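Chains A and B are the protein sequences, given in the same order.
Converting from the first sequence to our numbering requires adding 907 to each position, the first position being numbered 1.
Converting from the second sequence to our numbering requires adding 51 to each position, the first position being numbered 1.
Please keep in mind that the hints were generated in silico from the structure rather than gathered at the bench.
Owing to the predicted nature of the structure, the values given are computational and were not obtained by experimental measurement.
For every residue, glycine included, the Cβ atom is placed at its ideal position computed from N, Cα and C.
Incorrect hints may have been included.
[Unchecked claim] If you only want the chain A side, here are some residues facing chain B, beta carbon under 7 Å, derived:
1) A938
2) G949
3) Q957
4) D963
5) D964
6) S1002
7) E1012
8) F1015
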Amino acid sequence: GAGVSQTPSNKVTEKGKYVELRCDPISGHTALYWYRQSLGQGPEFLIYFQGTGAADDSGLPNDRFFAVRPEGSVSTLKIQRTERGDSAVYLCASSLLAGGGYTGELFFGEGSRLTVL
Amino acid sequence: GENVEQHPSTLSVQEGDSAVIKCTYSDSASNYFPWYKQELGKRPQLIIDIRSNVGEKKDQRIAVTLNKTAKHFSLHITETQPEDSAVYFCAASPYNQGGKLIFGQGTELSVKP
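Here chain A stands alone, though its shape is the one from the complex (with noise of 0.2 Å):
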């Protein structure tokens, strides 16, 4: 597609369940970034890939969350044991060019809104 896509668009699970959440970046995009968006705030970095390892997992919150790249294009983050403070819009980023000084611009995603009962 033209832009970056994420599903599913809306989330609604349980306290203790298992949730993945999909990221399909711009074609050609080499970087994904995942970030966390709760209600009034900025988006909060998670992590990034350059191609199809993790280049950064340091805003990753615990061990509960994880996110892969197998083929360095969509990426799943995957959180384990949600809580109800894991409840807000995770943002999907992607980009052309990242790295050695120079930062390109980020596209988002529409998110996906998570909500923990």
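Fit chain B to the given chain A structure using the hints.
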């Protein structure tokens, strides 16, 4: 790590007036400063950006200024229109950290007709 502070958190102006939003950053090595506009329930979209080798950039009614010494940058919107109403986020990109952005807390701009 980088920390970005943004103010005001809310801003209300009359149509046709100017609006100014200010941000400060902590990491002097940050070298890229974009501004994103986010309408309710929508994705953040880039409206303008500036790199550390430039002091000012303008695009029609929107301008951004950067003061590297003071570590602050500002968004200026002139001749505001009701469709400018949205939440605006500033961000800073720490040097050589893969292009990740650290965002401010956002400013909710309301333009009253």
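Hints versus structure:
1. Because the beta carbon of A/A938 sits about 6 Å from the nearest beta carbon in chain B, less than 7 Å, this interface hint is met.
2. At its closest, the beta carbon of A/G949 sits 3 Å from a beta carbon of chain B; the interface hint therefore holds under the 7 Å criterion.
3. Proximity of A/Q957 to chain B holds as hinted, the smallest CB-CB distance being about 6 Å (cut-off 7 Å).
4. Given the 7 Å rule on beta carbons, the hint for A/D963 holds: about 6 Å separates it from the nearest Cβ of chain B.
5. For A/D964, the interface hint is violated, since its Cβ never comes within 7 Å of a Cβ in chain B; the closest pair sits about 11 Å apart.
6. Taken as an interface hint, A/S1002 checks out: its beta carbon lies about 5 Å from the nearest beta carbon of chain B, inside 7 Å.
7. Below 7 Å, beta-carbon pairs count as interface contacts, and A/E1012 has one with chain B at about 5 Å; its hint therefore holds.
8. Of the supplied interface hints, the one on A/F1015 holds, with its beta-carbon coming within about 4 Å of a beta-carbon of chain B, less than 7 Å.
Hint compliance for this structure: hint 5 alone is broken.
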